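Participant: Just so you know, the protein sequences line up as chains A and B, in that order. The first sequence: position 15 = 15 (my numbering), numbered continuously. The second sequence: position 144 = 272 (my numbering), numbered continuously.
Hints were generated in silico from the structure; no laboratory data involved. Not one of these hints is a red herring.
With a straight-line cut-off of 30 angstroms between C-alpha atoms, the simulated DSSO-like cross-links for lysine-lysine are: (1) K78(A) x K378(B); (2) K399(B) x K94(A); (3) K94(A) x K2(A); (4) K67(A) x K399(B); (5) K67(A) x K34(A); (6) K831(B) x K723(B); (7) K315(B) x K67(A); (8) K94(A) x K403(B); (9) K392(B) x K94(A); (10) K78(A) x K392(B); (11) K845(B) x K184(B); (12) K78(A) x K2(A).
The structure displayed is predicted, hence computed values, not measured ones.
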Amino acid sequence: MKKYLKPYPDKCIACRACESACSMLYFKEDSAEKSCIRISENAAGNDINVCNQCQTCVATCPTLALKVNAQGVVMVDKNLCISCYMCVAACPTKSMHRYMNGLNPFKCVACGMCAKSCPTEAIAIGQE
Amino acid sequence: MDTSNINAMKANHRLLTEYKYDLKPVIKGYNRRTLYINLSHNIIKEKYVSDEMIEKFVGGKGFDLKLMWDAVMDTTKWNDPENEIVISFGPLCGNTNYPGSGKSIVTTISPLTGIPVDCNVGGHFGPYTKFSGFDALELQGKAKEDVIVFIDGDKGIVQIFTAPDEDLNSHIVAEQFIHEFADEPGKEQFVSVVSSGQASDHVLITCLNFSFWDKRRQVARLKQAGRGGTGTVFRDKHIKALVVKYSGLKGDTNHPVDIETLQKTGLRLHKEIEKGDSTQCHMREMGTAHLMEVMNDYDLLPTKNFKYGQTDEAIGLHSKEFKALFTQGVPDGCWFGCSLSCCKAVDNFKPRTGPYKGQPVCVDGPEYETGAGCGSNLFIWDPKDVVEINFYCDTYGVDTISFGTSTAFAMECYEYGIIDIMHTGGLDLEWGNADAVLELLHQMARGEGFGIIVGQGVRRMKKLFAEKYCADSDLLHDIGMEAKGLEYSQYMSKESLAQQGGYTLALKGPQHDEAWLIFMDMVNNLIPTFEDKAEALHYFPMFRTWFGLQGLCKLPWNDIEPEDNATTDEPAKVPEHVQNYVDIYTAVTGKPMDKKMLIRQSERVYNFQKVFCLRMGGGKRIDDIPPYRAMGPVTEEEYLSRQERYDKALKEKAFTNPEGMSVQDKMKVLRTYRYNQYDQLVDAVYKRKGWTKEGIPTLEHLKEIGMDLPEVLEVVKRFL
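Take the sequences, apply the hints, and build the full model.
Facilitator: Put into structure tokens, the structure is as follows:
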């Protein structure tokens, strides 16, 4: 089973409520740089970047700090992470993040808080 | 491994002495103290690191040499108690952001050369010892019985124990001590061990193994401080192992002044590797073994003791063969955060010979040097034989490079009848006889038979064969691939004058870690004049010395290149990556740095090492002369195998018409020409390095670079 955040970019209006909800939940501040979900506005339309729980990063971690939980979600164990960011470089969707002067990388854990904040249902929790 | 007797072995340790120290954070890459241990008298103490020591010697190899200089006398031999093994780490060592940042540098007075040797080695011991509180570890004296030194970096305690029951061979002893000293099962990754092996009790061509616990494989991996016989000194001091435990590693344990730059620079390189490695060097798939067919294609892969550089049989050791043996898709960095991930391993390998026959083991490597030294150079073409030689070399504590070159020399002597089966005690040293080669290794471990003789290295074998077996000493000198007493590493330098210098002018002996110029010189003809070559033989040794000052690995510098590197002014220098080093140095230490200052830091330590060699009785021009095998064809068969090339060289370079000349006469003219060229090269290099024609650093140069310390000048003046 894999729980993940499913994006519907066609519905996205780039209000960025999801970014605010995410960064407020995890970092207690409203900052797109500290959001696990990222919205970008392009000529072709809006894009939603968020982890699809593909687990590529898990195989790259030298300390086994990236683990898959029972719901199929990749979690960062902050006690084991040594901030090398090999996972950030290896992520095929660029959905593993770091922030200025921080240590641990961070990523979407499919908590669904952003989906609740989205006014257009452009993101939803999915399962495979 | 079977851990049932771990507690019993630990219970048999006897504490000889203990030292408690204050735990303090590393600040800007430095602890500002080193750890001194005297094994003769069980003394453990700290030494303060002054501003001047940092200014002049930086860290890593610089600290090693400075501490060792102060410890030894001019007359000190490798097995005198005052000789030291010093292990240091450098200010950038242990950062988890920039690939290749976990290196330790080991120095000692070498049993092979009598001068300082330095080895750059991975594994977790260096970073953990640094984060335990020390910028270097100095080991002096000799214990009365086998001991271990344990550094508990979590509690601030250093202890010396007797350790009578643990094994000597590294693949076993590393795991024994890891299990003994880990706080609990599951925390093995916080312990690292330095060990050697049985052979270090008997022979000189030995190494040290630095471990790291591989969490995925659940085994101790082993990285080698390979050159110069460090294992022999280690065992002569009756050290069974050094053990460190440190559990507090984080991404900022070095306390850099600018972590943002450090992280961003490292991440940029991670991304380059992620994108480029699979089309460039394939380090993640095969490590340096990817070079096997490249070297063969360019006539650079040594076969039959460096007679030839190319052969059809080399397909047997093609990198795809090693790739098939290496477990794929595992992050194989020897320190955390190295995404280049080159230290490949063969899992569940079952040796077919020796004491571990049939037991599944994890073998680190083979790397290129081992594939060439213990494979092609011995005319062994089964990759599994190479893996087995690699395994036993590592666990017995034998240097695969010196083993390969020494054995190749013995095999060539066997081919010529200089030695025969009577001399070898029944070993048939025909080219390609892997069984005999493995038996040589087992003899080194058991301390018996012809293995002990080969294990003395090429220089001592030459003397022995000439004196005892009345061999032609000129021939032995020509084919014995050693200089300064150290065996050559595994590249053919016959057609590259610059690489002949790169090898033979290297301070510790002919290792390619100072300069690898074959493609620049021989293939791409980018350094055609003596002055060009001299500039390269100044810049690259200085640049590469810097890795050893900082605790860095060379490989992420040019075994991955930025996409646009070829369009830069000096692609051989990989300018973007040099800038990375400048940036991360300042990011960690807060000190100013640029590309010129980087070279100047190295020049100080490099010249200090040069003067150290002079002080110990080496370091002179006569020590910088290669055997002719490194320069051209020694035998008629070598000449004839590449006759067209050599005839052309005679005609176009030596201005001699080869037509009508005998092969012997052509060989003589070519030899005279090449030695003359080499002499001119040495003149040019010495001049560029600020040395006299005899290879002595001038007082002016030492003053200019800031290495005019009174003790240095005192030594230099003896030779001017």
